[in-house]
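Peer 1: Mind docking chains P and V on chain R? Use the hints.
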Amino acid sequence: MRGNEKGTSVLRGKPLSFGGDLVFRYSVMVVATLTLALVWLLVIMMVIDASSSIDTFGLGFVTGDVWDPNRDVYGALPFIFGTLLTTGIALIIGVPLSIGIAVYLSELAPPYLRGPLSFVVELLAAVPSVIYGLWAMYALRPVIVGTVEPFLSDILGWTPLFAGDSVGLDKFTAGIILAIMIIPTIASVSKEAMMAVPDSQREAALSLGATRYETTRMAVLTYARSGIFGATILGLGRAVGETMAVAMTIGNANVISWSLLDPGQTMASLIANNWGEAQDLQLSALIEMGLVLFVVALVVNVFARLMVGRFMKAVPSTGGGL
Amino acid sequence: MNIYERRRIKNTLASGLALACVVLALIPLVYILAEVVIKGAPALSWEFLTSRTVGTGEPGEGIGNAIVGTLLLVFYAGLIGLPVGILTGIYVSEYGNNRFGTTVRFFNDVLANFPSIVVGLLAYALVVAYLDVGFSLIAGAFALAIIMIPIVANTTEEALRMVPNSLREGALALGVPRWRTVLKVMLTNARSGIVTGSLLSIARIAGETAPLLLTAFYSSYWSFSPTEPVASLPLTIFRNYNSPSDVLLEQAWGASLVLILIVLSLNIGVRILMRPRKRKHKAVKRRWMTRLSRKT
Amino acid sequence: MDDKIITEDLNAYFGEVHAVKGVDIRIPKNAITAIIGPSGCGKSTLIRCMNRMHEVVRGARVTGRVLLDGKDVYDPHMDPVFVRTKVGMVFQKPNPFPTMSIYDNVVAGLRLNGEKDWKKLDAVVEKSLKLAALWDEVKHQLDASGVSISGGQQQRLCIARALAVEPEVLLLDEPCSALDPIATAKIEDLLFDLKDKYTIVIVTHNMQQAARIADFTAFMYLGEMVEFGETKKIFESPEKELTEKYITGRFG
Numbered sequence: 001m002r003g004n005e006k007g008t009s010v011l012r013g014k015p016l017s018f019g020g021d022l023v024f025r026y027s028v029m030v031v032a033t034l035t036l037a038l039v040w041l042l043v044i045m046m047v048i049d050a051s052s053s054i055d056t057f058g059l060g061f062v063t064g065d066v067w068d069p070n071r072d073v074y075g076a077l078p079f080i081f082g083t084l085l086t087t088g089i090a091l092i093i094g095v096p097l098s099i100g101i102a103v104y105l106s107e108l109a110p111p112y113l114r115g116p117l118s119f120v121v122e123l124l125a126a127v128p129s130v131i132y133g134l135w136a137m138y139a140l141r142p143v144i145v146g147t148v149e150p151f152l153s154d155i156l157g158w159t160p161l162f163a164g165d166s167v168g169l170d171k172f173t174a175g176i177i178l179a180i181m182i183i184p185t186i187a188s189v190s191k192e193a194m195m196a197v198p199d200s201q202r203e204a205a206l207s208l209g210a211t212r213y214e215t216t217r218m219a220v221l222t223y224a225r226s227g228i229f230g231a232t233i234l235g236l237g238r239a240v241g242e243t244m245a246v247a248m249t250i251g252n253a254n255v256i257s258w259s260l261l262d263p264g265q266t267m268a269s270l271i272a273n274n275w276g277e278a279q280d281l282q283l284s285a286l287i288e289m290g291l292v293l294f295v296v297a298l299v300v301n302v303f304a305r306l307m308v309g310r311f312m313k314a315v316p317s318t319g320g321g322l
Numbered sequence: 323m324n325i326y327e328r329r330r331i332k333n334t335l336a337s338g339l340a341l342a343c344v345v346l347a348l349i350p351l352v353y354i355l356a357e358v359v360i361k362g363a364p365a366l367s368w369e370f371l372t373s374r375t376v377g378t379g380e381p382g383e384g385i386g387n388a389i390v391g392t393l394l395l396v397f398y399a400g401l402i403g404l405p406v407g408i409l410t411g412i413y414v415s416e417y418g419n420n421r422f423g424t425t426v427r428f429f430n431d432v433l434a435n436f437p438s439i440v441v442g443l444l445a446y447a448l449v450v451a452y453l454d455v456g457f458s459l460i461a462g463a464f465a466l467a468i469i470m471i472p473i474v475a476n477t478t479e480e481a482l483r484m485v486p487n488s489l490r491e492g493a494l495a496l497g498v499p500r501w502r503t504v505l506k507v508m509l510t511n512a513r514s515g516i517v518t519g520s521l522l523s524i525a526r527i528a529g530e531t532a533p534l535l536l537t538a539f540y541s542s543y544w545s546f547s548p549t550e551p552v553a554s555l556p557l558t559i560f561r562n563y564n565s566p567s568d569v570l571l572e573q574a575w576g577a578s579l580v581l582i583l584i585v586l587s588l589n590i591g592v593r594i595l596m597r598p599r600k601r602k603h604k605a606v607k608r609r610w611m612t613r614l615s616r617k618t
Numbered sequence: 619m620d621d622k623i624i625t626e627d628l629n630a631y632f633g634e635v636h637a638v639k640g641v642d643i644r645i646p647k648n649a650i651t652a653i654i655g656p657s658g659c660g661k662s663t664l665i666r667c668m669n670r671m672h673e674v675v676r677g678a679r680v681t682g683r684v685l686l687d688g689k690d691v692y693d694p695h696m697d698p699v700f701v702r703t704k705v706g707m708v709f710q711k712p713n714p715f716p717t718m719s720i721y722d723n724v725v726a727g728l729r730l731n732g733e734k735d736w737k738k739l740d741a742v743v744e745k746s747l748k749l750a751a752l753w754d755e756v757k758h759q760l761d762a763s764g765v766s767i768s769g770g771q772q773q774r775l776c777i778a779r780a781l782a783v784e785p786e787v788l789l790l791d792e793p794c795s796a797l798d799p800i801a802t803a804k805i806e807d808l809l810f811d812l813k814d815k816y817t818i819v820i821v822t823h824n825m826q827q828a829a830r831i832a833d834f835t836a837f838m839y840l841g842e843m844v845e846f847g848e849t850k851k852i853f854e855s856p857e858k859e860l861t862e863k864y865i866t867g868r869f870g
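Protein chains in written order, with the numbering used here: chain R, 1 to 322; chain P, 323 to 618; chain V, 619 to 870.
For the record, the hints were derived by calculation from the structure and aren't laboratory data.
All values derive from a computational prediction rather than experimental measurement.
Some hints here could point you the wrong way.
Unchecked claim - Mimicking DSS-like on lysine-lysine, the simulated pairs with C-alpha atoms at most 25 Å apart in a straight line are:
1) K748/V - K804/V
2) K704/V - K332/P
3) K804/V - K737/V
4) K332/P - K734/V
5) K737/V - K704/V
6) K863/V - K639/V
As the list claims (entries may be wrong) - Listing some non-contacts, in silico: residues in chain R with all C-beta distances to chain P over 12 Å:
7) S27
8) V31
9) T33
10) P111
11) L134
12) V143
13) P150
14) P160
15) V255
16) W258
17) A272
C-beta atoms are modelled at their ideal positions from N, C-alpha and C, and glycine is treated no differently.
Next comes chain R alone, as it looks inside the complex (with noise of 0.2 Å):
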C-alpha cells in the first residue's frame, strides 16, 4: 500500500490531490469564518443605526428611567429592571423544580422510562414562544388572575412586591411563562451532569449507611454542582432573551414599578411590542436596547458555555423560538 510506510503523510506524498485537499481545506474554513465574520459586521452595523440614539443619551441611557415616544427621551432603566424581575421569578421557581426533574431522570427513574420522559421533558422546549404566549393568555391568566394571584395578594399585599390588583398582564405571569419554559434547559444539563458522576461515588455514599435521598444529595448533586450551576446560568440567558411569551404576558407598560403584579416590560420584550410604530430616534433607542440585550445575552452565554463546558450538547438547541 503506499504512502502508508511508518508514518509517511498520505497527503505529502500525492501531489495530484494535495490541491485538493488545500482547497477544500481552505473553502471550508471561509465558510466557517463566513458566520463569525458576518455576525460582528451586522452587530458593527447595529451600532451604526443606533448611533443617532447614542449620540443623543450617551451611558444615560442605560441609567435612564423614562421611556417617552411623545417627549423622545428614553431610557433602558425600567427594561433593565423588568428583566431582572421576570428572571428572578423564572429562576426562583425553574430551577428547584428542573433539578427535582434532573434527580428523577438521573437517579430514580426505572430505565425504561428514563428516555421517554427525557424526550418529553424536552419536547417543553419545542413548543414555540408564540404558542406559550397565546396558551398563557387564555389558559393560564384565568387561573392566576382566579386563584394565584389574590391568594398572593391576600398574603402578601402589605409588601412591596405584591402590592395592588391586577388583572393577570403582569411581571408575575410573564415569569411563571418564563420558568415553564427554561425548565427543559436546565433540567437536561443537571441530568446530564448528575449522570457523569461515577457509579463509585454513589457506592461510597450507600456503604455508609445512607439513603438514596442522602446519597444524592452527598454524593452527586456535590460532584454535580458546577454542572448544575453552569445549567442555570444557560437558563438565565435563555430567560433573559425570551421574547415572544414575555411580549404577550407582561402587559406592555413602560415604567418602573415594583409589584409583580403591576404590568412592565423587558428589554426583548420593548423591541417587540414596538417595533411597529417606531421611527426616528425611538427606533434607533430600541436598536440601541438591542445592543444592550446583545451584550448581556453574550456575557451570560459565555459565562455559562464555560461552566457548562462538556454538557454543552446536553442544551435542547431546539428550543422553539425566542
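Peer 2: What follows is chains P and V alone, placed relative to chain R:
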C-alpha cells in the same frame, strides 16, 4: 421517632417530591397541546387552509398564505443555512483542533442559544436598512438562516465526531485524498446525525417569531416576491392573539395547531429515525453464529 | 471460634446470569478471611451480598440467607441502610468524595445521623485516621481535599471513613489492586492490626496476599464455594483437586 425512621421518611418524601416535579412540568405541555387541539381544530377546514388572511375578521379568511409564507421562509433559510452550517461543522470537526477551530466552535455554541430578537435586529440592520430591501421575505430568511447555522454546525460536528476514527484512517491508508474521505466516507456515515440535526433546526426556525417581526413583517396577500413582506404562521398568531374578533382569534388558534403539528412531527419523527437499529444486526449475527456451530 | 457471618444457600443473580451458586460459608469473628479465585468467579458479588450492595444494581437479586450474628440481613423487616452501617466496605478503586476535605470525608457517615458535636467529630477523625495508619501523614492537612493525597493514602482514607461509623465487619474488595507494593504493604499491616476489633473479609486475586495476612481462606470457582479452611491448610494441603490446581498456578 428515632433518627432512622426520620431519615427513611425524608427519603420517601424526597423521592415523591422529585416525581412531583416531573409531573408538574409535564402538565403545561399536555395542557398546551390540548388547548391548541381543542381550540384550533374547529377552525381547520379546506377553506381555512387555502384562503388568505385579510385581517378584518370577515368569514372566509384563512391562513393559506401564512402556511406558504412559512414554508418559503424555511426553504430559503435552509438554502443558505444548511450548506453553511454543514460546512462549518465539517471544518470544526476535521480541521478545528487548533485555537481558531476552538474559537469557532465556542462562538457557534454561544450563538445557538442567542436571543432571536437580537438576530432579527442584525438581519434588519443589514438587509432591511443598509441594503434597503425593506421588510421582505429574503430578510426574514436571512435572519432564520443565522439562527439555523450554529445549530446545524453543532450537530454536524457531533455527528462527524461519532464516526469511528478507524474509518477515516482506513480510507486515508487506501490512498483516498482527504477531501474525498471527508465527503464520501465521513459524511455518509454521519448522514443520519446530520439529517436529524437539520430537521431539528428546521423545526426550530419554523416557530420563530421575533426575528420575523423585525424583518419579514407581514402580508395579507398571496404575493411571495423575495423583496416584499410575507405572512407567516407565527406572526399570524402574534397579530391576532389579543384580537376582540372571534374569527381572528380562531385564526390564531388554527395557525397554532398547524404550527405545532409541523414542529412536533419533525421532533418526534427525528426521534423515531434516531432509534438504533439493533434488531437487524442481531438477526444477522445469530444466523452467522449458528452457521459456525454447525460446522464444529 | 464464633462465626460472625453465616450464609445459607446464597444465590445471587444479575438478571439471568447466576453469579453466586448456593454458597454456604462461615466467616469467623475477629479474624481475616480471604476469598480467592480466578476473575469472574463471583467473589466480589459474594461479599456485596453481605452488606446488601448487590441489590443496588438494576436487575440484581438474591435468594438464600445471610446471617449476621444470627439475624438474616435479607429479612423483609431488615433495613439495608442499617445493615450497611454494621457491615462496612472498601472498594477496589479508592473513592473519597472529591468535593469534601479529608476531615469531612471521614465523618461523612456520622453526619448522616445528625452528629454535629465537633468535639466528638474531632475525636472520631483522629481515632479513625489512626486506625487506618493515616493520621501522622495528614494530621496537618485535614482541610485538604480528599483527592489531593496519593492513591494509597486515599485508600486508607476510605478505610478510615468506613471505620468511622463503627461497623462490626469490614469488607474489602481487592483494595490493593490499584496500589503500588509499598502502599499495599501499609494496608496489609493495618488490616493485621484491625482484626482484634473487627471481622475482616478481603477479596483478593493475589494469592500471596491471602497467604500473608489471612487467617482463613475461601476458594471460589465459577460461582461456587470450592473449599474453605485455615489459610495454612488451604495452601499446604488442600482437600480439593481444583483448589490445588489454582494454588499451584495451573489456571487463573
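Peer 1: Next step is simple, just say for each hint if it's right about the structure.
Peer 2: Going through the hints against the structure:
no.	hint	in the structure
1	K748/V - K804/V	13 Å, holds
2	K704/V - K332/P	21 Å, holds
3	K804/V - K737/V	29 Å, violated
4	K332/P - K734/V	19 Å, holds
5	K737/V - K704/V	23 Å, holds
6	K863/V - K639/V	21 Å, holds
7	S27	8 Å, violated
8	V31	4 Å, violated
9	T33	7 Å, violated
10	P111	15 Å, holds
11	L134	5 Å, violated
12	V143	10 Å, violated
13	P150	21 Å, holds
14	P160	29 Å, holds
15	V255	20 Å, holds
16	W258	25 Å, holds
17	A272	6 Å, violated
The structure fails hints 3, 7, 8, 9, 11, 12, 17 (numbered hints given earlier, in ascending order).
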